[in-house]
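Q: The lines below spell out each chain.
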Amino acid sequence: MSSEPQAVPTLKFVQVLKGHRGRAWNVSWHPQGNLLTSCGEDKIIRLWGTEGGAEGKWVEKTTLTDGHERTIREVSWSPCGKYLASSSFDATTAIWDKKSGEYECNATLEGHENEVKSVAWARSGQVLATCSRDKTVWVWEVAEEDEYECAAVLNAHTQDVKKVVWHPNDEILASASYDNTIKMFREDPSDQEWTCVATLASHTSTVWSIAFNKTGTRLASCSDDGTLKIWQVYLPGNQEGISTPDGQPVWKCVSTISGVHTRSVYDVAWCHQTGLIATACGDDIVRIFQETLDSDPNQPTFNLVASSVASHGHTQDVNSVAWHPTVPGLLASASDDGDIRLWQFLDSS
Amino acid sequence: MTAGFSGVLQLTDLDDFITPSQECIKPVVVEKIKSVTGSKIKIQDDGSYVAVTEGGQAQKLQRVDISLNDCLACSGCITSAESVLITQQSQEEMLKVFKANEQLKEAGKESELKLIVVSVAVQPVLSLAVRYELEPQDAFRRLSGYFKSVGADIVLDMTLSEDLSLLECENEFMERFRSKSDGSKPHLPMLTSSCPGWVCYAEKTHGSFVLPYISTTKSPQQIQGTLVKQFLPTIQGHHPGKIYHVSVEPCYDKKLEASRSDFHNEAEDIKDVDCVITSVELEQMFKSQDLRLSEIPPADVDFPWLDGLNCSEQISYKGTLVGHQGTGSGGYADHVMASAAQELFGDSNAELKFKVLRNPDMREATLEKDGKVVLRFAIANGFRNIQNLMQKLKRGKCAYDFVEIMACPSGCLNGGAQVRPEEGTQQKELTSTLEKLYSELPLHSPKLNPLVHEIYTNWLGGAGSDKSSANLHTSYHAVEKMSTALNIKW
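Note that the protein sequences, when read in sequence, are chains A and B. Letter by letter, the first sequence follows residues 1 to 349 of full-length UniProt numbering. Letter by letter, the second sequence follows residues 1 to 490 of full-length UniProt numbering.
A hint or two may mislead.
As the list claims (entries may be wrong) - With a cut-off of at most 30 Å between alpha-carbon atoms, the simulated BS3-like pairs for lysine-lysine come out as follows:
| no. | chain 1 | residue 1 | chain 2 | residue 2 |
| --- | --- | --- | --- | --- |
| 1 | B | K318 | B | K180 |
| 2 | B | K397 | A | K82 |
| 3 | B | K180 | B | K369 |
| 4 | A | K214 | A | K252 |
| 5 | B | K180 | B | K287 |
| 6 | B | K148 | B | K318 |
| 7 | B | K148 | B | K96 |
| 8 | B | K394 | A | K82 |
| 9 | A | K99 | B | K394 |
| 10 | B | K180 | B | K355 |
| 11 | B | K392 | A | K98 |
| 12 | B | K353 | B | K397 |
| 13 | B | K185 | B | K372 |
| 14 | B | K318 | B | K242 |
| 15 | B | K353 | B | K394 |
| 16 | B | K369 | B | K397 |
| 17 | B | K392 | B | K447 |
| 18 | B | K355 | B | K397 |
| 19 | A | K82 | B | K369 |
| 20 | A | K98 | B | K397 |
| 21 | A | K82 | A | K99 |
| 22 | A | K98 | B | K428 |
| 23 | A | K57 | A | K252 |
| 24 | A | K99 | B | K392 |
| 25 | B | K397 | A | K99 |
| 26 | B | K242 | B | K114 |
| 27 | B | K185 | B | K392 |
Unchecked claim - Chain A regions said to be covered by chain B (calculated; three or more residues, Cβ under 8 Å):
| no. | region |
| --- | --- |
| 28 | 107-113 |
| 29 | 248-260 |
Since the hints were derived computationally from the structure, they do not count as laboratory data. None of these values were measured; they are calculated from a predicted model. Just so you know, even glycine gets a beta-carbon here, dropped at the ideal spot from N, CA and C.
The shape of chain B in the complex, shown without the other chains:
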């Protein structure tokens, strides 16, 4: 279970040996029924706990149920033990929803049916393509075929959300950087926010100090969530509450992200992403059903965004996988730096090369004007590089303007829940295979995606509008450190 999380979250308080953590602050409400001293607690064969009163009456005890969101709100632990159920975020739960929908269909109860939407990120597709020796586009279509065969109504790529995330991130950076000239002290470097492992670590460990540096732009997964639950209904006519949205991602940390209360409309009990399924879980699902992705009949990947929009003709990537310039984690540093070089310094042909520093997971690029460095960007992956960056930031010795941060070494292509290498293959070899596959995908530029402009104009009321910031941005919350006597151990 823990293996699917990024190293950062495994480091920060993933406690397996106490369940729930002794430091867990979730008030466990035990509904007491006239407690009589002398009652005993027995463990049944099925593992349930039963209180036996003096009279010999047995009363089944409630088990403590902790959701991922409880854990996120606490500095005590994120426990990964099986007894703490990640109820809404498992493949079982997803298949249960699929099955229930199937039964509703059979019973003809159309009005109760859910619209099942599956959004697929690029990294899991590449991971599964390598695992089943498929060409990436083929793997994507077969994955779509699989989801449709088990009941999905719509299968989507996430290019549109990635584009929106990159563009919002760029705007945010420009705004911060430009405000330097009017004398205010903006929070630079701006740190990317698409990796929930890093965000969770920052909230828990560095709290209010570091949070203002983190970009408020939502990750592609959560932008996709907004599009599926807010924008798609305007086309499809479904009530958001009737949409079940699954996201396919390269890491378990994305489950934590989807569980954040920021992405949950409590009044209507609508979550932007209902369930996150990862590459390894899909591999397990195929295995348990004795399936190989290569044997599953392919199906089209849907592109429902175009209804009522006028740009259909100009979109080249409909239903296919594309890649962005730069890292397989989304290419934030490359995109924002190229844009900044052009917009802030009029340099549209800048050679932006990220050169390796102390290790391949710490890279840096600079833009020079008249012999002076005017922009300094970095890519920091993996815990130790994040750590060194944090220390530099704290000591005021961090000279960067922007840092793309991912908790996993090598970034999202090497996400914690990507398919493990086959025996005899090194993790690093697999990662470079995935990096190569990613770089071979058709190159896509967010600025040249006409759909993005349609979305801004027709739905969000323009870039920078209130609606844009409400839908494409989020906020972070420092988690108070606890120091209770219980924590002290030698």
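Just chain A, same shape as in the assembly:
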């Protein structure tokens, strides 16, 4: 993508990808960035790639069908890029791979009582997590070839769990829920039991999504209360003197961005290359936030620096945003209008 000098930062519309019938729920990038995956109400996973290198136009490469009986809510690539997990309202999570030459569903994770809302792979690729309307978060271990075993069923949340994400470096799992909280879990090394180690409470309504920054020292959360919040971890013995009971790291809300989003904020993505934060909002707008240069680390300031423009924007709720893993500033979004849109953030020079 060319980056001409800009007077002000802008979110330039790149391309629209049409294909989904009904809502498009989620977009995610292959870890190498050569594939974009989307899913939605039409129960189809669409894989998009470029024609003629990264600069080329994105086109539909293949579709994965017959994996689910109901809406597919989220798709997630394993860190090695060989496996794709899809979570569905049919209560199952499917694991797809290309060992036979074509993508096929070779394992199904069953156990949730009802709609699976989110699926995420840990960095090791040996563990994954799912969450559901049944209020539980499940941790699955890759037991052997195409065999997945349930390692934990966590019922710390009191309501529907909307999103699970893994810490970028450590095996720490974070979940966001309709009970207005975010919880973190990790395996107790003494007995291999997964336990809740932190509850992040500050949002006043459903927490729809969460995203870690590159180092995992901060977490961004977005909510039905219309705010975006930034949380920071304080480890035992921190310089700021924040107390850490039981020697557990403590997460504190250090910034709340309110008054910007006019509706529920459905998704948040933290770019691990640029540090930019993107949000998907029920007011049809994709927004980009940037930390100010003189920001106090313990009370950081994030400014809205760019938004999607109506003339090229989604016409209904934006459900999902995802930053490209290697191309700085390239962003994908999915919407209730069924479209996937690609955007390029251009900084002021």
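On the provided structure of chain A, position chain B as indicated by the hints.
A: Here is chain B on its own, set in the frame of chain A:
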């Protein structure tokens, strides 16, 4: 309220935020009285709902009353909210019956009196023994003292029922295993049935697929119910309808089990177990009366079974607590495996060691003959292990012959309604204390209990008779999954 249920039931549709569940299919019959549009519903200070007609007349509205059994028959929810009253299964209800009986006694109305029988499982006794720092046998006698002081006529241990349950389970397994050799495909692994949390989950989630694998043997609680309502009257002369039977158990799921229609004689309105009280509820009762179990005078635990039988001399455990070989959940896997090793493979000294697999709640033991595994048994506790087992079973990758399944991690000693650990004590520490206490109880073998043989011979018409299967076995019912538009949420 929900805390007393096993994790499995808390997971499956225990909905607290909608009461009753939006998915509740119980037809709520509202008796309408000439509905006039424009009437308003007001909530009174006492929380009752009143419809106010245009004329200003107030009419109290009936509240929706849902029994546990309604919930069991539905896949919608088991709601635990206070507004849905578990009417027949509370300590208040039990004390009410005790009190009413007391009043009848005072009024001299002997003919209306109920015979109040309390059956006590071993796990709650151990739990309360730890809570009040008592030796288990002492705690049992003091518990008996408490129940008698509030009006119980008979307090019983449950060893006889546990023995019958183990032996029936063993027979059932032998039958299934042996039928392999004649070419039929029996439902193996056989899965135990004494945990109502697991059974309820299986019925709701895995339905007709898994139910044939579950042993049809009743749990000790329900066998005890049959003994108290069917066999005891033959000794005591009471009509079953005149017996009020309380069962003391380590978990709320047992309340659900007692409420099943399978254990309810509708024609005569007789339930095998009328009320289930748990360890935590007893602790609360003591607390509310400012009592400590250690200060309650002890009383004998009764042993009424012997009238007319000829084995009194040979019974060593009368009125005391005993333990079975194996887990504190009843020792099903240990008992059935030892019996199978002996009967099917002539190995009476087999070293049966259940070794820990992925976690301490998933254990396995095998019996080898000529270098080949001939028996493979497992113990699976807690939801995740049940879950993995179900998935393996569905994929045809489950190599076990028998699995002892309990919904709670660590099994019944860690039941959902056992007394919580005191501050500063970890749940796990408490569980290992209870496991230690259980293993120190006098070891009891069902096969060496002469009373069991007397019961089979004199009352049931022999093992395997129709009467045996009618009284010691039950059946399960798949619950249809619902998929209505109301269920769909994002």
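Q: Which of the stated hints cannot be reconciled with the structure, identified by number in ascending sequence?
A: 1, 5, 17, 19, 22, 23, 29
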